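With chain H held as given, fit chain W onto it using these hints.
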Amino acid sequence: MSISIHTSISAAVYENENVPQRDERRKALLGVRGLRKRFHEHHRERLLFDIDRIEIATHGAYVLTGANGAGKSTLLRVLAGLERAEIDSLRFACEDVLRVHPYPRAMREAIVYVHQHPILFSTSVAHNVGYGLAMRRVPKDEIARCVAEAMDWAGVTHLEGTDPSKLSGGERQRVALARAKVLKPRLLLLDEPTANLDGQAREQVIALIPTLVEAGSSVVIACHDRDLIGLPGIQRMKLRDGRIEYR
Amino acid sequence: MDLPMLDATLHAFAMLVSGDGALWYIVWVSLKTSLVGLLLAAPPAVLLGYIIAMYRFRGRRIAIWLAQAALSLPTVLIGLLLYLLLSRRGPLGDLQWLFSQPGIVFGQCVVALPVLLAFTLAAVQGLDPRYAETAVALGASRWQVMLRVLHEARFGVMAAVLSGFGRVISEVGCALMVGGNIEGQTRTITTAIALETSKGDFAQGIALGIVLVTLALLMNGALMMLQGDAHAARERG
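If you read the sequences in order, they're chains H and W. Note that the working numbering has the first sequence beginning at 1, numbered continuously upward. Note that the working numbering has the second sequence beginning at 1, numbered continuously upward.
The shape of chain W in the complex, shown without the other chains:
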């Protein structure tokens, strides 16, 4: 009996176990670009989320609306916009980031930013405002208040970072458009899965899929542990 899916799956496990260089390089590129993009996006996104949550200013509601709307932007559209920006004739063409890893990092930054911002905004808004007031009443400066509030909202902020990572590691549109899916350079897990599947080579696609699912399980496990800690803290309170 011919079982192509079973064969492909067994081959996929064999590739993972044997330490297939090309496959693990793809995983490495994905992890590197996602983590660097996330790390670059996190400070400004958390800061913006905090500012929008804590301060009342003209246009605040519009800022919240835009941040939440950006969550549902398809990554392929973000990829298109960045392609136009980074293409040779685009305003950022001189950087020569198109079809390069820095280009993917830039894309991951833009993809992660709304997730980090919206989740941080929700976490800080959900915190009892008396935390900030108490810090102010005890003489904390604006920066000290921010550090205290973010510390108290740390479970929500960490959940934001984990969700941001989940979004960038699993997105395909932006990495494909900005990175170009060049073998050995800008091929990521998701772009490789799309390519190998279209070529009919399911084994590498399944192997990369297993890596992606494992990462997703690890991320969600960490998120659940955080949420468990947060619930426990609330119950104790």
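Chain H with its partners taken away, still in its complex shape:
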């Protein structure tokens, strides 16, 4: 099935900008040098990946591809600070990060990771979307405003008071994206957001991705989805044999 994405990421972001603004946007948001992840299985050590360098530009949009088991999800989880790995050096927003396990709070708040099968807490959909803001002690009326805006963006306003366990896969994914977007993250890590979705649910999720970049986030998407890989303005990273290939 073909899909039509009307928003071009590069066009939306760079159009009508002067050169200094454009240079500012192209600065590296996240720079990692020497990233290694080892596993211990059956008393043997296995090196999952050994990556020299990762650069995520401000306002950049990337897809991370690779075979199943290549370590895409693990890499995203490492970048999200959810999983430990050996890191030689890490810069975030032009500052060296000296303590990476765990990330400093400001950095944790700037990076949001969305699971392949998002978990929604057993409260209402609206409470789920506002959860991160509540954790940041944002005033309640401000939370209500931002939640309404994000739910409208994701097309889930009608689900506001619904029990999350009654949502379909596509609805869950869109609620999870709204929950991430409402935090205005500087870096958004999406793990296979269209996996197990088909038809309209998949198209709706794909259509939301470019607007996330427009809203100011850098986005890295681990996926196999050809339509996501083919989004205009998106850069490709391939994880193969434990190394990153840029395309």
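Only part of the chain H face toward chain W is listed, based on derived beta-carbon distances under 10 Å:
(1) Arg105
(2) Ala110
(3) Ile111
(4) His115
(5) Ser122
(6) Gly132
(7) Ala134
(8) Met135
(9) Ala176
(10) Arg179
(11) Ala180
Hints in this document: simulated from the structure, not taken from any laboratory. Keep in mind that this is a model prediction, so the values were computed, not measured. The beta carbon of each residue, even a glycine, is placed where N, CA and C say it ideally should be.
Below, chain W alone, put in the same frame as chain H:
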């Protein structure tokens, strides 16, 4: 025809219905010491259960082994250990808690702790780890993550509390050794049943037994309702 058991049972019901002061005071002491002991044990036990379930640290497996082994410790042995601690020459003798209600509360705390800890540990370990990860990924602090995880595991945690209550209200060894079974002061349902039965006065023992069975039925009913809610929630999910 002589039916001593029937007579005793009828007498027991009569005592319950007539509001026998001594009998209901025993029930009150039991409920008070059990609930206070449980309330004091619950926060540290739930916290410890959560920490052991969520964090990887050296000695974690030993902690789990000890918590589970403590479940099968006879309460009379716990009573003996507390007796030695609280006796006049013991390290906690200055508290003068032996043969007093605070002593029973302390004992109930120790009896409830392993149950609460082990059940909370199981409830949190059984929860999908993505709940905690999602909270972290959305910027929650460690305390906020803990509150979220315990909320998501609330059916298991409530089952832990109910099971803990069942254990303390029905135990006899610790309450007998630490409380001393003093009439009007430290006599509890279970110690009174043991005493009255040994004296051949079955009526009060049966009356207290009926109270205990009623409490057990109420507790298990609540537990079943919780489990029903948890199953329903899982099925919806």
